[in-house]
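Each chain, letter by letter, is given below.
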Amino acid sequence: MALPLQVQAEIVGREPAGAYHRMVLRAPGIAARVEPGHFVAVAIGGADSAMLLRRAFSIHRADPAAETIDVVFAEAGRGTRELARLRVGDSVNVVAPLGTPFPLPAEPVSAVMVAGGYGSAPMFALAEKIVADGGSVAFVLGAATAERLYGVDQALAITEDVVVTTDDGSEGVRGFVTGPLPEVLTAVQAGVVYACGPMGMLRAVTEVATEHDARVFTAVEESMACGVGVCMTCVLPVVGDDGVSRFVRSCVDGPCFDGTKVRWDDAGTIPADIEGAAAMGAH
Amino acid sequence: MALPLQVQAEIVGREPAGAYHRMVLRAPGIAARVEPGHFVAVAIGGADSAMLLRRAFSIHRADPAAETIDVVFAEAGRGTRELARLRVGDSVNVVAPLGTPFPLPAEPVSAVMVAGGYGSAPMFALAEKIVADGGSVAFVLGAATAERLYGVDQALAITEDVVVTTDDGSEGVRGFVTGPLPEVLTAVQAGVVYACGPMGMLRAVTEVATEHDARVFTAVEESMACGVGVCMTCVLPVVGDDGVSRFVRSCVDGPCFDGTKVRWDDAGTIPADIEGAAAMGAH
Amino acid sequence: MTDGYGGFADNDDAGDFDAPPSTIMLPGGGIDLATRLGSTLLPNPVTTASGCAGYGKELAKFFEPAAIGAVVTKTIMPYPRSGRATPRMAETPSGMLNSIGLQGPGIDAFVERDLPWLAARGGRTIVSIAGGHVDDFVALTERLKGAPGVVGIEANISCPNVANRGQVFACNPATSYDVIRAVRDAADPLVPVLAKLSPDVTSIVDIARACVEAGADGLSMINTLLGMVIDTDTMKPVLAGVTGGLSGPAVRPVAVRCVHQVHAAMLDGQMARVPIVGMGGIRTGLDALEFILAGAAAVSVGTVIFNDPSAPVRILDELRAALIARGFGSLEAAIGYAHR
Amino acid sequence: MTDGYGGFADNDDAGDFDAPPSTIMLPGGGIDLATRLGSTLLPNPVTTASGCAGYGKELAKFFEPAAIGAVVTKTIMPYPRSGRATPRMAETPSGMLNSIGLQGPGIDAFVERDLPWLAARGGRTIVSIAGGHVDDFVALTERLKGAPGVVGIEANISCPNVANRGQVFACNPATSYDVIRAVRDAADPLVPVLAKLSPDVTSIVDIARACVEAGADGLSMINTLLGMVIDTDTMKPVLAGVTGGLSGPAVRPVAVRCVHQVHAAMLDGQMARVPIVGMGGIRTGLDALEFILAGAAAVSVGTVIFNDPSAPVRILDELRAALIARGFGSLEAAIGYAHR
Ligand SMILES: Cc1cc2nc3c(=O)[nH]c(=O)nc-3n(C[C@H](O)[C@H](O)[C@H](O)COP(=O)(O)OP(=O)(O)OC[C@H]3O[C@@H](n4cnc5c(N)ncnc54)[C@H](O)[C@@H]3O)c2cc1C
Ligand SMILES: Cc1cc2nc3c(=O)[nH]c(=O)nc-3n(C[C@H](O)[C@H](O)[C@H](O)COP(=O)(O)OP(=O)(O)OC[C@H]3O[C@@H](n4cnc5c(N)ncnc54)[C@H](O)[C@@H]3O)c2cc1C
Ligand SMILES: Cc1cc2nc3c(=O)[nH]c(=O)nc-3n(C[C@H](O)[C@H](O)[C@H](O)COP(=O)(O)O)c2cc1C
Ligand SMILES: Cc1cc2nc3c(=O)[nH]c(=O)nc-3n(C[C@H](O)[C@H](O)[C@H](O)COP(=O)(O)O)c2cc1C
Ligand code: FES
Ligand code: FES
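For the record, the sequence lines run as chains A, B, C and D. In terms of our numbering, the first sequence opens at residue 1 and continues consecutively. In terms of our numbering, the second sequence opens at residue 1001 and continues consecutively. In terms of our numbering, the third sequence opens at residue 2001 and continues consecutively. In terms of our numbering, the fourth sequence opens at residue 3001 and continues consecutively.
Treat the hints with caution; some may be incorrect.
[Said to hold, decoys possible] DSBU-like, lysine-lysine: derived pairs with alpha carbons at most 35 Å apart: (1) K261/A - K129/A; (2) K2145/C - K1261/B; (3) K3145/D - K261/A; (4) K1129/B - K1261/B.
I should point out that these hints are in silico values taken from the structure, not numbers from a laboratory.
Let the hints inform the model, and build the full structure from the sequences given.
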């Protein structure tokens, strides 16, 4: 895994992107280490900030030559509201690259990238890599509304196999990504699906992909206090190679997981068969 | 007293001023209410700021036509560091005017304005008023170093009777303001002294003025949590008209006090004869 | 000061002005915000926290005292008190420490001068009282009988018990019981008695239960947490009183937990159910809602007033909007809703 | 994952790298920062707080574990524990709540896998242990005898006592005494035993005294404060565990007060003098100095690591500079200096 760096990054670009903000950060040393699926943890405010916890964002693009990384983010709460206020020339403290990136196919493969909202952020660099390695890609990009889609143009620049869905039908097919997904999987004879978006979507995509005999890798979004593996706040029940389920940290063991190993239905509970559940009975 | 307003003020001017920052705020409704000696309480950061307490600054100038007020401030700690970071176009929440301003002489008088460092901030508007009312003014402006003097030029624009002192002799007379003060008081036959600066200086000025049979009004700087009279953090032992000493609030009953009424030596203690001291014995 | 120098202001002249321009006028309908503290019905649940609003007069420059549920006064003691030496405060991350030492004019001046002002202005007053002995509490309570505008008495039992080496009354169920019982017995039967609890105890439920058994009509929680800051330049404690009370948003999670725990104990039948006045770091209407969902029937706004002197009315407006947005038909329906 | 998909990282590979570029190398001289915890001499007073640094491995990506005084491990229990359901955390003003529920691999895996890694890296380890019964503490302590790199045992007594309806050990002087006594008796005599105290008690001095009487070689304080946050959208507690522990700069004034109170009691002769490991919201070297002036011989950095993973070494550097700037010839001279 790439060793993360902690650096003060200058904001060198800012632009609105539909319902989101795109922010380009000059972060010396980081871009060259980034692989698709890595994330960056951004501090909110300086030494006197009341918000202690870093916010995690998928790295959208990394440009080693320019020493920049990009993120695409939604204004979701206090912290992202602060970030949205920053201007070019301001700086933020970042730690990156973090997490386990998407596994890359060892051989050329037909891949389908499925994403909800800003979940598409890490997908374009990944798709370009797969194509460069001789594989092919298709996209299924969904969102609640048209303005919450991100990167349809970027997808179209890579492939013409781009299907768009919106919950309200304001762009593309009305409904969820899982509507057109089976057809796409069949059409491109997909060997692997990469997905990023809300938990419910990841679960559904995992099901559909499995039915179609495709491997499926999902990038999850769990609440993270540290982002570096020390606090144990970000855990998900995941089945290990030994068949034993454990609460594993989505910040270091994820955020990219084999979707079939994640016990989606059990997230937010203590499954009786998870390692160490018995010890919880006592107190 | 002027009713204070709480408004979101836009920063319309920023400039360095020696060791200080001068900041011009557009604060609708406030300027017309300001009298010399009033202060403004500035909030640090927005709704998520870790710094809850407002910072108090003397109002340096108030321009009712432009709806602006100015402050001159030193970067002294966390809060003023945040303020120093703000740029033109940013906004801050202010409450002003606050406090009891300097009392104005009812008849033309010869006044001496004594100030240490940024303590001179409220003095120029006051001096102009006194002159406009037919009186005359002299200034004794002191500071640790030349760059910590503020407003010598503004003083000279009002009168040629300006004496400057610095602790290190880097400008004017070496030493404290109390060095040349007796001579100035005698020379201008001062009827009143107005002073603003550190506690030790105010005490010394009060002594000198009293020896010269001049009235003396001092603007104090006490740590304030609320600035509006509700918290009782900002108290000083002051002798009342009835001869009884009480802990009075420097935010509403001050910051401008008759210097002879303040029990300078007892600040930071509970003098045995202060009203209510007896009740403290119990617990 | 009538010697030729004008400009010495009367700082207590808020009463000379019409409703200040910054007063937010409350729209009529929308939702029933009335809340009951014993026999008192408050028109809405937002009050000021003791010690953070003086006796109501100064804040009248920022909002109409009658617009909020009640003004809880700075704690009053039998005699004038100087309070502690300065420095009396220190800012801390998202909070502050204070060590005022209950400076105040004493009950007589308060009843003669301050209470009538607030009553004339239409304000409802909850008078906070404290003493070093149970007898002090009784004397204060009796002095308040028939006083104008008093809709409640808050017994601040987080003050030192002289008879018990200065341990605060609220640290012990028995001493808490004694004070509350005595105050309840001495008070006008129509005036509710609230017990103001300290969070600095091993089990706040035990203290709360003792107070309710003693006849408390309600519980105010929480008072400040004991804290301290050392100045790394002087290398001594910042406060002249060495330790002080920690308040502000920093302590809100502790306060919400206390309210939730005590409300849960009431729902469990561990003690009789009485209304809780929740406080500790309330900055917004959503913070107030958090306390109400946890089980508070009313809330007090304290430290945040120093940041925003019109906070009580702002918070009331925000709370009203938040309740409506969540489909509540009344404040009452939201009380303790997080326990469902 | 050897099925044609590469890229599944070994996340525990910090050991494969040379000192990471962000490691701050410590300058040699300047000031003697050594500090003694019982029979252990630490080269400097900065440690990681339990639960905020795992078992040292992950942070080795940001600094050399051997550079700080010691790594205090996440609390270890006898058996693997799943921990609580998620959500396990909530951000609060200048702090956070956590409700991890002591997730961990159990003592065996810890001793076999995690401890040797840290020892090989030159790190000094203080192992935090907890159990539901005194016997658990004893078994854990025995298992640690002769384990590599262990320079101390921190008994986390802020955990529920199964025998006493789940009341935490640290809430009661007698149960605190029992645990510490048993651990002290079972431990290698050359390994100091620290008692980790909870601030959620009426008198922390009473608990501290009981622990020292039981043979504690030092006191770690403070653990988190019990707190809670309610989500105003779902209108339920945010944490799956309902309540959680409050930490971060928000609680620092409470922590400094606890350290100051207990150190004062030691100076007063109310209990034997043992070193205190101070913690609670330390963000900068000056914050660390505040604890030392209050009476701490060492400090732990916890929540702030989440904000700044290299905080322990940064704080060490800042502390060194602050001590030098104030003219101290050694760390020791500064301990308790605010009591002069
Ligand atoms: C690996 C990963 C990648 C992510 N990538 C992106 C991205 O590319 N673009 C984007 O807009 N968002 C992304 N998110 C979600 C983003 O982290 C949250 O929107 C953000 O933390 C919200 O912070 P806030 O202060 O605005 O919200 P608040 O609600 O004020 O945050 C309070 C706390 O909860 C946490 N939190 C709140 N919402 C989320 C969430 N959805 N996921 C995780 N933690 C949350 C915050 O980090 C913070 O600690 C990602 C999250 C993770 C874990
Ligand atoms: C009536 C009045 C008028 C003032 N006028 C000016 C002025 O014109 N220009 C100027 O530069 N400064 C002035 N000051 C001082 C100014 O308020 C402080 O420098 C400022 O509050 C420091 O804030 P900080 O966050 O940078 O420091 P910190 O030390 O971080 O502040 C911590 C807390 O202590 C309080 N505090 C710290 N220093 C002082 C101080 N010297 N006086 C009062 N409170 C303090 C702060 O308000 C805050 O609550 C005035 C103070 C008062 C009371
Ligand atoms: C400056 C100050 C003075 C206070 N004085 C009193 C008091 O006299 N009596 C009392 O019961 N509580 C007093 N308190 C505590 C508050 O009423 C309240 O319980 C506590 O501050 C928590 O609420 P907050 O965080 O909203 O301030 C005081 C608090 C502050 C900040
Ligand atoms: C996420 C998290 C997990 C913690 N786990 C433990 C633990 O396992 N054992 C323990 O004794 N303390 C634990 N603590 C408490 C810390 O060690 C420390 O006492 C407390 O957080 C105060 O320090 P801080 O404000 O620097 O974090 C934990 C704290 C946090 C934030
Ligand atoms: S966020 Fe801390 S372990 Fe994952
Ligand atoms: S600052 Fe609050 S009373 Fe003066």
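Results for each hint:
no.: 1; hint: K261/A - K129/A; verdict: holds, 25 Å
no.: 2; hint: K2145/C - K1261/B; verdict: violated, 38 Å
no.: 3; hint: K3145/D - K261/A; verdict: violated, 38 Å
no.: 4; hint: K1129/B - K1261/B; verdict: holds, 25 Å
Comparing the model with each numbered hint stated earlier shows that hints 2 and 3 do not hold.
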